[in-house]
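Under numbering that gives the first Met the number 0, the letters of the sequence shown match residues 0 to 461, in that order.
The set of hints was computed from the structure by calculation and includes no laboratory data.
One thing to keep in mind: the hints can contain errors.
Here are the in silico distance ranges between beta carbons for each label pair [said to hold, decoys possible]:
1) K451 x A329: 53 to 63 Å
2) R251 x G459: 47 to 57 Å
3) I447 x G61: 17 to 27 Å
4) A336 x W316: 42 to 52 Å
Computed cross-link-like contacts, SDA-like style, restricted to lysine to any residue with a CA-CA straight-line distance of at most 25 Å [stated by the list, open to error]:
5) K184 x E157
6) K55 x L177
7) K158 x E211
8) K90 x E211
Glycine included, C-beta positions come from ideal geometry on N, C-alpha and C.
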Amino acid sequence: MIRTRIAPSPTGKDVHVGSISTGLMNFAWAKKNGGQFIIRIEDTDQTRIVPGGEKKMLETLGKIGLTADESPLVGGPYAPYRQSERLSLYKKYAEELVTKGKAYYCICTAERLDEMRKQQQKNKQIPKYDRHCFHNQEEVIKKIKEGTPYVVRLLMPEKEIVFEDLIRGRIVMQGSNLDDQVLLKSDGFPTYHLGVVVDDHLMKISHIIRGEEWLPSTPKHVVLYEAFGWELPLFAHVSLLRNPDKSKLSKRKNPVWTSDYIDQGIFPEALLNYLALMGWSHPEGKELFTLEEYIRVFDLKDVQTTAPVFDPVKLEWMNGLYIRNMDKDALAEKIQAFIGPAYPKEIIAKTIPLIQERIKKLSDYLPLCGFLFEQPKQYEVDLSKYKTVLQDVSKKVGDMKDFSLENLNGVLIACAKEAGMKNSEFFMMLRVAITGKKISPPLNDSMIILGKEECIKRIGKA
0 MIRTRIAPSP TGKDVHVGSI STGLMNFAWA KKNGGQFIIR IEDTDQTRIV PGGEKKMLET
60 LGKIGLTADE SPLVGGPYAP YRQSERLSLY KKYAEELVTK GKAYYCICTA ERLDEMRKQQ
120 QKNKQIPKYD RHCFHNQEEV IKKIKEGTPY VVRLLMPEKE IVFEDLIRGR IVMQGSNLDD
180 QVLLKSDGFP TYHLGVVVDD HLMKISHIIR GEEWLPSTPK HVVLYEAFGW ELPLFAHVSL
240 LRNPDKSKLS KRKNPVWTSD YIDQGIFPEA LLNYLALMGW SHPEGKELFT LEEYIRVFDL
300 KDVQTTAPVF DPVKLEWMNG LYIRNMDKDA LAEKIQAFIG PAYPKEIIAK TIPLIQERIK
360 KLSDYLPLCG FLFEQPKQYE VDLSKYKTVL QDVSKKVGDM KDFSLENLNG VLIACAKEAG
420 MKNSEFFMML RVAITGKKIS PPLNDSMIIL GKEECIKRIG KA
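Construct the entire structure; sequences and hints are all you get.
Here is the structure:
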């Protein structure tokens, strides 16, 4: 069975959009092949854990639509799905490697390791552990029995390490150039390398689809699989997302947490649609498609190695397409759910024809239409010189028997003409009086939504 996974670490406030991008590929590949998608929490780096981070990540993954078949929330046959609850397993397998002669104990202090690295740097050597403890295991074991803290290191073989990557092809690295990686730390927690290999094997993960930053570590993982005598999974390393200037995606330039975009009113389905196009193209050249369609046509062999550009502006544009394609009632419901029940749906529904072509995300709505729910408290233009004109408009509007859009258009055009004002200046003045702003949805339509009495009140206040 095809089994894929993502294994986020709760070291940030939420799931990184790059993790959602690779998570989407894992999800799609499993579902396309009738397999299973697993979420596992890698929380062994206890010093960097953000309180509430795991809860937020799992909530976001649920909101976005990447529902797991097995996870800390739903459980499964290979529970627990949280690494901090699997520590006895890692110790057991680390000791097995030592027994097999594939790993060894190390008691070197941080001071010795620092001095070793400085000397290697001075001699222009490859920075890696010098195997001091490996050559003195009897003495090391004696000191461990006396209570000296220790780690377990992988004994890297002096040979070529070869593996196939489903996206990048044949990868060859020299084991002699790689460090004897720490597998088990002195606090009993595994490093990423031991934890990921043990868990992926025990959870029967068939395909490891992850970011290219893990490519240099994969030879160490291959060596671990071989040392345990386990069958290798299939590897696929995808390119990392980049900013539009091709720099690494980071929160210094753009939001990187998935909830940042959801909280702006980007639809989860639009975000997934956009992320699906990161390093992959629809075989028919489509830009808009559902998650179900993506699952149907996605193939790992079509993933490109060029670094995809994650552009929030393009994401907003795509979300705007989703908004324009929505049923009007459904959009009104979405907007009310986003801005809250204090804003009546019947008013929101009346605004949809005015704003559906204008907004790109749900957070655009209130800055544009907030005036319909609350009188302006300030005005972007000084209206004092228009006092007489506004008084005349108020009277003319008040005298209207049929407050319809067609009649209102005629009355206001006549007011502008009578005042000797250009239409552009007249309607700018009136727009600011009604909305407080120089830019709003179509003014006359907005006045109809507000109703005659409210319009007269606002003009009077202005």
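Outcome of the hint check:
no.	hint	verdict
1	K451 x A329: 53 to 63 Å	30 Å, violated
2	R251 x G459: 47 to 57 Å	49 Å, holds
3	I447 x G61: 17 to 27 Å	41 Å, violated
4	A336 x W316: 42 to 52 Å	23 Å, violated
5	K184 x E157	24 Å, holds
6	K55 x L177	36 Å, violated
7	K158 x E211	23 Å, holds
8	K90 x E211	28 Å, violated
Figure legend: structure checked against the earlier numbered hints; hints not met, in rising order: 1, 3, 4, 6 and 8.
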